[in-house]
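Q: Protein chains in written order, with the working numbering: chain A, 1 to 489; chain B, 490 to 698; chain C, 699 to 1198.
Careful, some of the hints might be misleading.
Computed from the model, here is a short list of chain C residues facing chain A with C-beta under 8 Å [to be verified]: (1) GLU729; (2) ALA731; (3) LYS749; (4) SER993; (5) GLU1110; (6) LEU1155; (7) GLY1192; (8) MET1194; (9) GLY1196.
Distance condition first, Cα-Cα at most 20 Å in a straight line; then the derived PhoX-like pairs of lysine-lysine [unchecked claim]: (10) B:LYS566 / B:LYS542; (11) C:LYS1149 / C:LYS1177; (12) B:LYS556 / B:LYS528; (13) C:LYS1135 / A:LYS448; (14) A:LYS477 / A:LYS159; (15) B:LYS510 / B:LYS566; (16) A:LYS426 / B:LYS528; (17) A:LYS440 / B:LYS566; (18) B:LYS528 / B:LYS510.
Pair ranges (Cβ atoms, derived) [what the hints assert, rightly or not]: (19) A:TRP430 / B:GLU494: 50 to 60 Å; (20) C:GLU1099 / A:TRP77: 52 to 62 Å; (21) A:LYS125 / C:HIS1170: 42 to 52 Å; (22) A:ALA473 / C:GLY1104: 19 to 29 Å.
Worth flagging that the hints you see were computed from the coordinates, not collected in a lab.
Ideal Cβ placement from N, Cα and C applies to all residues, glycine included.
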Amino acid sequence: MNTTRSYFTRASFEANQTIHWEMLSEDHCEEIFMTALELLERTGAEIHNKDAQDIFERSGCWVEGARVRIPSALIEWAANSAPSRITLCDRNGNRALRLETTYSYFGPGQGKSFVIDPQTGARRKPVKDDAAAAAVICDALKNIDFAHSIGYPTDVAEKTADLHVFAALLNNTTKPIVQTIRGVEQAQAILDMAAAVAGDLREFKKNPFFAFQIDTEGTLVHSEETLAKVIFAAKNGAPFIFNTKLILGETAPDAPAGALVVALADVLVGVLLSQLVRQGTPVIAGGCFTIHDQENDMLPWGAPEVSLAGTGMSNLLRYLRIPSFGFAGASDSKISDAQMGLEEAFSMLHMGLAGTNLIRGCGVLEYGLTGSLMMLAMGDEIIGMTRKIIQGIEVNEERLARGVIDAVQPGGTYLGEEHTLAYFHKEFWWPTLMSRGRIKDWTESGSKSLGERAAERTMSILKTHQPEKLPDAVAAKLTEIIEKAAALN
Amino acid sequence: MPTLEDLSKCVIKGNVAKTKKMTQVLIDEGVFPLDIINKGLIAGMGVVGVRFKNAEMFVPEVMVAAKAMSQGIEMVKPLIAESDMPSAGKVLLGTVKGDLHDIGKNLVGIMLESSGYTVIDIGIDKSPDDFVQAIKEHQPHIMGMSALLTTTMLHMKDTIELMKEEGMGHVKAIVGGAPISQDFADEVGADGFAPDAASAVDLCNSLLN
Amino acid sequence: MTIRSNIKANQTTRMNVLTPDQCQELVYAAEEAMWRTGTNFHDEESLEIVKKAGCWVDGERVRVPAHIFEQALKTCQKHIVLCNSRTGARELFVEGYNSYFGSGPCTPFTRNPFTGERHRATRQSVGWATKVLDALPNIDYAMSLGIVQDVPLLISDRHEFEQQILNTDKPIITVCVDQWGQEDCIKMAEIAAGGEEELRRNPFICLYAEPISPGVHCREAAQKLVMGAKKDLPTIYTPCIMAGGTAPATLAGVMVQGLCESLSGLVLSQCTREGAPFIMGGVYTILDMTTTIFSYGAPELSLLLAALADVAHYLGIPMFGTAGCTDSCIIDEQAGIEAAISIAMTNMSGANLNHDIGYAEQGATSNLDLVVVCDEVLGMARRLTDGIRVDEQTMSLDMIERVGPGGSFQDECCADDDFDDDMDEDDGPSCACGNFKPRLINRAAREMWEKAGGKTLTQAANEKVRDIINYHEPEPLPKDIAAKIRNIVENAVGHMPGED
């Protein structure tokens, strides 16, 4: 299309390869980091784990009872020592998610108490099979990058619930997994299961296909159990997420900048501990934020402040070159409606634009109480749209289409142009659930809302999708590990 | 030697150059000209139409397939008596006076052509007189008018009335465009309305059968 | 005293799709297209004007030499203010990165908020729509949300304008059917403002015209643009472009095509009268290749318009954007998703005057429930774009120290200071601590929500719409002015398009 015959080049041209979006400036990231260092040096954190206290003491922290004050240099060392990138692989060991710079990956969240039954639409307690269903859906949805159960099963002993979830996920999807753990005992069993799938622990560490999610208590407090998990993961070189949850105006200052200071101070303690245990331990840091909605006396998950502070946290972690974990895709709506759609989309767009590496939380409604696979299916579509936007606009000679514009002429049409034929597939985003039918077509196909279409899609996936199963021998081994863990006291 | 099926595939793929080449070979080999059209070119286009409806093919692809088909037909045409030329019907299309929006009308044209209709597109900004003159000249079975504006759509009534005055009541008048509805079509005395290009084909089919 | 230097802050979030270099490249490509290919003007007077200014005119085809465009870029007014129609108070500063939002014009159909029936827009429906726009705090201006069709269609714009000015004191963007309609609307606006000069000094209307892509300026559009320039009133020139149909399928190509059309409009406006206030705009989206609709919900729309905002900022020309619209036929999850993405993106991009809130069904039908839903989304988007203030006070180091590990910040927060359960409609969109305060978005616990009827957001929005229509009283237009305006509407003469 270029009409010039010259072999010219041009110089000093700066292009955005993707969209560019920033909340905190670099100077402000630095400032918040410095303030968090000051906070840890001055106020310190409560460390309720004896091993951790000892480790900190040995490394030059000032320990008085549970209060540990940390010299800035130590944190700076740890932030550097932690890897800037972690690759999570699929179950077969193929490299899958590059948790570095601003690559964004999305996955489901977990309803605290309920799930929506995909068959009946009823809200009920989660069971083991829901984890398997979640895995099948995650496996089938193109834009969902990692798997996670949408509910914590209530039909198995609490002690082995994590293990049942992990086995169900492993057996029903090859996608990487984010796995929560109750305690070290479960962590050990899960690591054994992973080793069984990979062949041995060494193979797993080479190509890790899951990461532990460890949630800390926050507001500068870290419990015995939490830090035991960190020490366990670090000792074993297993990648883990160290996540703090803060409520602005309650467990953190209501000014987002203040909440970020606390959040950073929280996660840096986990990062430091892991690096002290074993330098180079792969750790993903994260913060989830909400506010206290006074009018309803609730902690909303669809509020814009969730994304606001979340974005700030992503900016900070990018500045520190620590892989980031964030939260998006949840709603305070009790049902599938426009509110659910807009809150889900709003948060996912922003966390994606921020370049958060691992984004959890898609498909949870009712302020975090209830997991919904239908909502997850809608989330898949939202991620598609978000990714189209994030990719930005490619500007080059072919795409500027100067020659085509001249060939078509005013009043002409681009429909039959070869240029159109060559590009329309790759330049457009292609919806799979969103309706673009005119009212007649939409009515004729049943006048269905997006929620109804998503429910149909979910059921059809559950009925027809065949994920790659684990070899029988491996599956048997996993069952064995679970049984053994159940027998332990 | 390529088969008629190969020719169909060529049309489906929208490969204009190859379609022409293959058509020439088939002509040279002495294949019955009407078969080349019916069992080769139009058959291929039929598949395209179905795939478009099922959202397996998309407008730009339909467009090039139609282009391939019509160029093939042009080559065979001299070998066939005009009365033998297969056509689902002849449709005359235009955008009404004062309106320069024509993408909708163009889409209708593509869809009709790919369904075997002969389409005469008289363009944009056409007065009732222009339509009537064109009908006299081309003798279509159906006359279609498009308008995007609530102001210009008023010209549709004038055109239909003029057609009736001129004794062209046998030509079916159909209308379309964003502000058009079935009610409006009834009001102006049109024989039919279609909300989009694909249904325009169904509409023409039902009007002629 | 502790001070420091060299700190760069983001006072708000910052977004660009394109770098200045890329903006420049797109503008040059558009300049080249205007020069080499040109655009068609179907209007004698416009052809005269641009010819006299030095453009190359060949029949309807106008090619613009680069220096004329570049001159136009220099002369157009960059600082545009829209005012309150009752008081003349200067309200919207359509410039820089300020983002204002309002509804869209010209849908043939609308949904009756009381019956749910889909019908052609009427005087009543436009009146209701305007009332709703007037009542919502995050809506900054009014567009009609429907073509009045229960009156003679050729003068529907006069009826539309009358309904608008009667029902809101917010600025009005008026879309007229032709130059005669625009003349009447300007006359009505002058009556309301108290004279021609008053309207020019404190304009509360903004004119609107759109070219037909690709590259065609129809007579009505050109005439409206010329009149806007002569009258020195802000005029929006906004192509509606579909990638793959009326523009190249590549997004960069869409930008070039759209800019070429907008900027040749700029040339006409500045050649008519140097310094005329001009707003470039667009609805740039894709032609959906499956359904052949012009998509109002596609992510490409938000992306392209965010990129256009970059170019507009680069050129220093105020921009007219698009958000709050959906392809969905009902106000369901999809409408929520599409409204959220388009509003969030547009607000972050800093496009100035943004329309089409309330468009459902690919822009065919206006829906007031959606307007109310969008008003909520706007609250969220505005909170987010406001960003994070970082300073010693907000970082709260001393407070954190005081509260200590595991402590509670509840008593430390501003929210309790003057938290008032009686907060009513007049309060701003956020509470004391700056958090977004939802009005309709439901955060209540399930039991509470069920007790209150277990409504979807759309149902709650619909109730709000009905409430506004039944009880909201817009600032009244003085009776004598209303009478004079009525007089113009009654005496309006329609012109058949395509005829003189």
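Q: Taking the earlier hints as the rules, which of them does this structure contradict?
A: 1, 3, 7, 8, 9, 10, 11, 13, 16, 17, 19, 20 and 22
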